[in-house]
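Participant: In order, the protein sequences belong to chains C and L. Reminder that position 75 of the first sequence reads as 75 in this note's numbering, one-by-one numbering, no gaps. Plus 1000 on top of the position in the second sequence (first one is 1) and you've got this note's numbering.
Quick caveat, the hints were computed from the structure, so don't treat them as lab data. Keep in mind that the hints are not guaranteed to be accurate.
[Unchecked claim] Result set (DMTMM-like, lysine to aspartate or glutamate): computed pairs, CA atoms no more than 20 Å apart in a straight line:
id: 1; chain 1: L; residue 1: Lys1083; chain 2: L; residue 2: Glu1040
id: 2; chain 1: C; residue 1: Lys48; chain 2: L; residue 2: Asp1148
id: 3; chain 1: L; residue 1: Lys1083; chain 2: L; residue 2: Glu1072
id: 4; chain 1: L; residue 1: Lys1083; chain 2: C; residue 2: Glu31
id: 5; chain 1: C; residue 1: Lys48; chain 2: C; residue 2: Glu11
id: 6; chain 1: C; residue 1: Lys48; chain 2: C; residue 2: Asp23
id: 7; chain 1: C; residue 1: Lys48; chain 2: C; residue 2: Glu38
id: 8; chain 1: L; residue 1: Lys1083; chain 2: C; residue 2: Glu35
id: 9; chain 1: C; residue 1: Lys48; chain 2: C; residue 2: Glu19
id: 10; chain 1: C; residue 1: Lys48; chain 2: C; residue 2: Glu16
id: 11; chain 1: L; residue 1: Lys1083; chain 2: C; residue 2: Glu38
id: 12; chain 1: L; residue 1: Lys1083; chain 2: L; residue 2: Glu1070
id: 13; chain 1: L; residue 1: Lys1083; chain 2: L; residue 2: Glu1181
id: 14; chain 1: L; residue 1: Lys1083; chain 2: C; residue 2: Glu39
id: 15; chain 1: L; residue 1: Lys1083; chain 2: C; residue 2: Glu32
id: 16; chain 1: L; residue 1: Lys1083; chain 2: L; residue 2: Asp1008
id: 17; chain 1: L; residue 1: Lys1083; chain 2: L; residue 2: Glu1177
id: 18; chain 1: L; residue 1: Lys1083; chain 2: C; residue 2: Glu11
id: 19; chain 1: C; residue 1: Lys48; chain 2: C; residue 2: Glu35
id: 20; chain 1: L; residue 1: Lys1083; chain 2: L; residue 2: Glu1056
id: 21; chain 1: C; residue 1: Lys48; chain 2: C; residue 2: Glu72
id: 22; chain 1: L; residue 1: Lys1083; chain 2: L; residue 2: Asp1137
id: 23; chain 1: L; residue 1: Lys1083; chain 2: C; residue 2: Glu55
[Said to hold, decoys possible] If you want the footprint, here are the derived chain C segments under chain L, 3+ residues with CB under 8 Å:
id: 24; region: 26-35
id: 25; region: 41-47
Since the model is a prediction, treat every value here as computed from it, not as a measurement. All C-beta atoms in this analysis are idealised placements derived from N, C-alpha and C, irrespective of residue type, glycine included.
Spelled out from the first residue to the last, the chains are:
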Amino acid sequence: MAEMHTHGTDEVLCREFVEIVTDYWEGALPEERLELVEEHLVMCDWCKVYLEQMEATVRALPEATVEEPVPEATEEALLTAYREWRGPS
Amino acid sequence: MEGTELSDLVAYKFLRPGAIGPFSGFAWPAPAGGAGEWVEAATSRGPCRDGIHACEPPHLARWIWEELWEVELDGEIERRRHKLRAPRGRLLRRVDAWSAQTARRFARDCAERAAEHAGVAAPADSRIAAQMAADGDTRARAAEESEDPYVAAHGSAVSAYIAAATALRVGGIERHEAEREWQAAWLARELRLRP
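The shape of chain C in the complex, shown without the other chains (with noise of 0.2 Å):
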């Protein structure tokens, strides 16, 4: 659908949705800009499927953060590494 966007209305053309995506997802956006791009999503799959791919990562997320434990060994080599690269203090 991008190429065929014309911007003849105040419509929310895909590059648009792209920039604000973040904004929409929150619930951020003023009701005036949310009402059109809750209209163009209506009829724009790309976009659709762009903010069900921000909503993956975003459920992801968590994951991604939690703390794996160093084991022990790891963390005493990286240690003396560090020490090693530092010098004598």
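Position chain L relative to chain C; hints supplied.
Facilitator: For chain L alone, coordinates are given in the frame of chain C:
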């Protein structure tokens, strides 16, 4: 926009299969022998933080999904740009005349409208207008050839948009508005909607 009491209004709402809100994912209580349960906005039970949304027949073509429902709104109803907002609402009945088959017919008629607009384009716009009309035809054909109700509904929404965009390209905002009015009249007539 100022709040307006529109108590006698007949409002409509397009939903995904199973009466699911397309943006909220909210499962609307479907009517069982009467009207459905009231749904409040801005509560944990509500689908939207800022209100229950629906629209009037003139704007239906902008909101097409697989199911169309007649809804009752209550409280202070506001007319927004292309939709209505109210503190609460409930489903009254499904508009059975809106089906995948109807969507395919609407998609085809809108594609033909786009071709008509392209046919009267000024030379400077004729190439792009023809491309837009061809895109509309492709979308309508995809809707016609698919068994998937989503493809039919989406094809009709896109085809309607393309017809309006082609009209805009060819004749400016007046022709664009006239095209949207034609689409609204088509839906009102074929679906026998109450005004």
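Participant: Determine for every hint whether it applies to the structure shown.
Facilitator: Hint check:
| no. | hint | verdict |
| --- | --- | --- |
| 1 | L:Lys1083 with L:Glu1040 | holds, 17 Å |
| 2 | C:Lys48 with L:Asp1148 | holds, 18 Å |
| 3 | L:Lys1083 with L:Glu1072 | holds, 14 Å |
| 4 | L:Lys1083 with C:Glu31 | holds, 11 Å |
| 5 | C:Lys48 with C:Glu11 | holds, 16 Å |
| 6 | C:Lys48 with C:Asp23 | holds, 15 Å |
| 7 | C:Lys48 with C:Glu38 | holds, 10 Å |
| 8 | L:Lys1083 with C:Glu35 | holds, 8 Å |
| 9 | C:Lys48 with C:Glu19 | holds, 14 Å |
| 10 | C:Lys48 with C:Glu16 | holds, 14 Å |
| 11 | L:Lys1083 with C:Glu38 | holds, 11 Å |
| 12 | L:Lys1083 with L:Glu1070 | holds, 14 Å |
| 13 | L:Lys1083 with L:Glu1181 | holds, 15 Å |
| 14 | L:Lys1083 with C:Glu39 | holds, 10 Å |
| 15 | L:Lys1083 with C:Glu32 | holds, 11 Å |
| 16 | L:Lys1083 with L:Asp1008 | holds, 16 Å |
| 17 | L:Lys1083 with L:Glu1177 | holds, 16 Å |
| 18 | L:Lys1083 with C:Glu11 | holds, 15 Å |
| 19 | C:Lys48 with C:Glu35 | holds, 15 Å |
| 20 | L:Lys1083 with L:Glu1056 | holds, 7 Å |
| 21 | C:Lys48 with C:Glu72 | violated, 46 Å |
| 22 | L:Lys1083 with L:Asp1137 | violated, 28 Å |
| 23 | L:Lys1083 with C:Glu55 | violated, 26 Å |
| 24 | 26-35 | holds (count 4) |
| 25 | 41-47 | holds (count 4) |
Hint compliance for this structure: hints 21, 22 and 23 are broken, all remaining hints hold.
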